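Enquirer: Residues per chain, in single letters:
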Amino acid sequence: MGEPNQKSGSAFRGVGVAAALGAQLILAIVLGFLLGHWLDGVFHIAPWLTIAGVILGIVAGFMGLFHLSKVLMK
Amino acid sequence: MNFSLTAFQWPPFWTGLISIGLVLLFGLAAARRATASVPSGAQNMMETAIETFQDLVGQMAPEALAPNLSLLALTLFLMLVVANILGLLPLPWFNGDWIHSPTAFLSIPAGLAAWMFLLIQWAGIKYKGFGGWVYGWVWKPFPVIGLVINALEQLVMPVSLAFRLFGNILAGELVLRMTTHLPHGIGGVITTFGIGTLWLVFSFVISMIQALIFTILTVAYMSIQANKDH
Amino acid sequence: MSSTSLTAPNLIAAVLQFLLLLFLLRAFVYKPILAAMQKRRDTIAKQIHDADGLRSEADKLRHEAQELVNQARDEAKQILANARRESDEQAKKIVEQAQKEASYRQKAAIDEIEHERDQALASIRSQVADLVVFAAGKVIERNLNAEDQARYVDEVLKDVGQLQ
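Chains as they are written, first to last, in our numbering: chain Y, 1 to 74; chain D, 1 to 230; chain S, 1 to 164.
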């Protein structure tokens, strides 16, 4: 079913990938930074948790993109 | 940006109601005298939309989830398209301002994104089992680090959904209003008219694209959670 | 409160509005349209199925018709062959009969001619005999005895017989 729309469906998903690429990566890093910064304030061990948060944010951002592209480019 | 548990903003509530009312009117026009023979224009459009979303969702989501998810996605898309475009129409609002899109208020995209986040987690529990869902959050050899990474990854989804939609629609409306504050005089009229028209067309396109992106990413996030091989 | 504020009641209201729209669309729009689409698919599938059935039936009928035509052609050929053979036979028979009749008639005619000739000869012979006897009698009436007369007649008759 839906054979005639095969192409448009793929094109729409391409839009999704393009939209998600930048914002999601940056947002993951920002969220990681905010989380680490907040925990630094709680435990008073700045800047270690902030750095850890940014690194985990980068990892999470790339993992999110990986998972997303796996579904969107299937 | 501030947060309130009790305050209520009426404009996005009313414009939201208008949006779903318009979608419903179109839907009823399409479904009225729904026929199995040659469909009318509205029914044809709705059938094409349904088939497009069935196809789109079917490419991503597991088979059992696809039929319901495609209808949910179509509903979300239709509502967001109307809601996004509403703020571009030259309709006056009660307080002397022009009408705003409900999606130009952060609460509305955020509420929808939060709801989609819950649905995404529900899909994870349903299709991976509760144990599989929990394991999906802490799968790393270092459970705490894994939990942080997964929490960030999962949180990014609704937050980026909400801010992307809100930001695009609000920006579209603000710039459209700014075009009316261009310099006066003959040159001002021309630039106002030219730039305003250009921006209006651009915003129309952006409105539809953002509705589509919000919908597709929601379906994609849900599919990521629901796919067993993850 | 501004457009960047997060207000909890609005979050919930937005979700409720969406759920309301989803419920209404499902009940009054998607359901009848999906039903119509399904029905159309079923109808088309059934029509294709029917068409397949009709086509196979038509194929069968054409096959049968072809067979009938072939049969009729064979029969016609046979009938024609029979007729030709019969007519040949009949023609031969007619010719034979005609020949037979012709030969019969010829024979009859010959017989008749011979018979007539014999009759004519016999009549001529008797008349000649009479004439000879008469003439001879006249010539030698007195000086011929009975014995000489008979011998003379026989000689004459023999000569006449050689005339044949």
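To be clear, the hints were calculated from the coordinates, so they are not data collected in a lab. Treat the hints with care, as some may be off.
Unchecked claim - Some chain Y residues judged to face chain D by a derived CB distance under 7 Å, without partners named:
(1) G14
(2) H37
(3) G64
To be verified - Derived lysine to aspartate or glutamate pairs resembling EDC-like cross-links, with alpha carbons at most 20 Å apart:
(4) K70/Y / E63/D
(5) K126/D / E51/D
(6) K31/S / D97/D
(7) K39/S / E47/D
(8) K31/S / E47/D
(9) K74/Y / E47/D
(10) K70/Y / E51/D
(11) K107/S / E96/S
(12) K46/S / E57/S
(13) K39/S / D97/D
(14) K46/S / E64/S
(15) K158/S / D148/S
Just so you know, these numbers come straight off a predicted model, no measurement behind them. Where is the CB? At the ideal position from N, CA and C, for every residue including glycine.
Enquirer: Indicate, hint by hint, whether the structure satisfies it.
Expert: Results for each hint:
{"no.": "1", "hint": "G14", "in the structure": "violated, 10 Å"}
{"no.": "2", "hint": "H37", "in the structure": "violated, 14 Å"}
{"no.": "3", "hint": "G64", "in the structure": "holds, 4 Å"}
{"no.": "4", "hint": "K70/Y / E63/D", "in the structure": "holds, 17 Å"}
{"no.": "5", "hint": "K126/D / E51/D", "in the structure": "violated, 25 Å"}
{"no.": "6", "hint": "K31/S / D97/D", "in the structure": "violated, 39 Å"}
{"no.": "7", "hint": "K39/S / E47/D", "in the structure": "holds, 13 Å"}
{"no.": "8", "hint": "K31/S / E47/D", "in the structure": "holds, 11 Å"}
{"no.": "9", "hint": "K74/Y / E47/D", "in the structure": "violated, 25 Å"}
{"no.": "10", "hint": "K70/Y / E51/D", "in the structure": "violated, 23 Å"}
{"no.": "11", "hint": "K107/S / E96/S", "in the structure": "holds, 16 Å"}
{"no.": "12", "hint": "K46/S / E57/S", "in the structure": "holds, 16 Å"}
{"no.": "13", "hint": "K39/S / D97/D", "in the structure": "violated, 49 Å"}
{"no.": "14", "hint": "K46/S / E64/S", "in the structure": "violated, 27 Å"}
{"no.": "15", "hint": "K158/S / D148/S", "in the structure": "holds, 15 Å"}
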